[in-house]
Amino acid sequence: MTERNSKDAQLAALLGAATILAGAAIYWWGQIQSVRELLEMAYG
Amino acid sequence: MDSVFAYKRSAILLLLIALCAGFALSDLRIDTWAALLPFFEWMETTPFGVIGKTWGAAFAAVEAVHLLSMAVLGGAVLVGDGRLLGWVFADQPLRQVQDQCHRVFVWSLAVVVFTGVFMACGVAMKIYYLPVFWYKMLALATGTLFAFFIRRPLVSAPGEIAPVTRRLVAVASVVVWFSVAATGRWIGFSG
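Chains as they are written, first to last, in this note's numbering: chain A, 1475 to 1518; chain B, 69 to 259.
Note that these hints are calculated values from the structure, not bench results.
Even glycine gets a Cβ: it sits at the ideal position worked out from N, Cα and C.
Accuracy of the hints is not assured; some may be wrong.
[Said to hold, decoys possible] Label-pair distances were calculated between CB atoms; the ranges are:
1) B:A86 <-> A:V1509: 29 to 37 Å
2) B:W110 <-> A:W1502: 15 to 23 Å
3) A:S1508 <-> B:A132: 28 to 36 Å
4) B:L83 <-> A:V1509: 33 to 41 Å
5) A:A1496 <-> B:E228: 37 to 45 Å
6) B:F73 <-> A:R1510: 43 to 51 Å
7) B:V185 <-> A:Y1501: 20 to 28 Å
8) B:G124 <-> A:L1495: 33 to 41 Å
9) A:A1496 <-> B:A128: 32 to 40 Å
10) B:L84 <-> A:A1516: 38 to 46 Å
11) B:L96 <-> A:Y1501: 31 to 39 Å
12) B:L105 <-> A:V1509: 24 to 32 Å
[To be verified] Now the stretches of chain B that chain A is said to cover, found in silico as 3 or more residues with beta-carbon under 8 Å:
13) 202-216
14) 222-234
15) 242-248
[To be verified] Residues from chain B shown here face chain A by an in silico Cβ test under 8 Å; the list is partial:
16) K76
17) R77
18) V237
Produce the entire structure from the sequences given, and follow the hints as far as they go.
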């Protein structure tokens, strides 16, 4: 693997990791909010 | 033009992210879901589906293997990513730890997928209507693609990996596999 390929692998890793973290943050934030709303409806 | 080809992997990834975002935000997602209904109905009629529905002990045994292999997969991910973060096996060469973890990861993933298909056939119509199942499939596909086409080439590349990249990749990998396990467990509590 050349140095340029290595840079490409590092850039792709940064992009992929950032996308996964952003997607997971949105998903889990939505899940936590929905559980909070359900608990509020059940217990006030 | 040459610079685009120099960053082929990154360009393909960006294109894939754009396509996924377009798919998720368009009506195509709903149309695809509706078109998959006959496939899920067929899954319940296969031998796997019939055994899974009528023979509870077989389903439970396969589920036990599924959970055990998921635990092995989780262990491989935690050790590999822990090494990337420098938290575990810091005295061992990075490449050696990653190679061994990857081997365990591949075998456990194969067992997870095989047993998962069997279980899915048994409860195909239940999972078809569960949004959490589709989130699990999304996380599983993302985690698998990330492991083989991004994480693996990164740790196999010669030279140093930038510390911020190494940490982000390790955390993203743990997060995506945690999401696979958590959404999978959620399926059991739903419906």
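Tested hints:
no.	hint	verdict
1	B:A86 <-> A:V1509: 29 to 37 Å	31 Å, holds
2	B:W110 <-> A:W1502: 15 to 23 Å	33 Å, violated
3	A:S1508 <-> B:A132: 28 to 36 Å	30 Å, holds
4	B:L83 <-> A:V1509: 33 to 41 Å	35 Å, holds
5	A:A1496 <-> B:E228: 37 to 45 Å	26 Å, violated
6	B:F73 <-> A:R1510: 43 to 51 Å	48 Å, holds
7	B:V185 <-> A:Y1501: 20 to 28 Å	24 Å, holds
8	B:G124 <-> A:L1495: 33 to 41 Å	39 Å, holds
9	A:A1496 <-> B:A128: 32 to 40 Å	38 Å, holds
10	B:L84 <-> A:A1516: 38 to 46 Å	41 Å, holds
11	B:L96 <-> A:Y1501: 31 to 39 Å	20 Å, violated
12	B:L105 <-> A:V1509: 24 to 32 Å	29 Å, holds
13	202-216	holds (count 3)
14	222-234	holds (count 9)
15	242-248	holds (count 3)
16	K76	7 Å, holds
17	R77	4 Å, holds
18	V237	5 Å, holds
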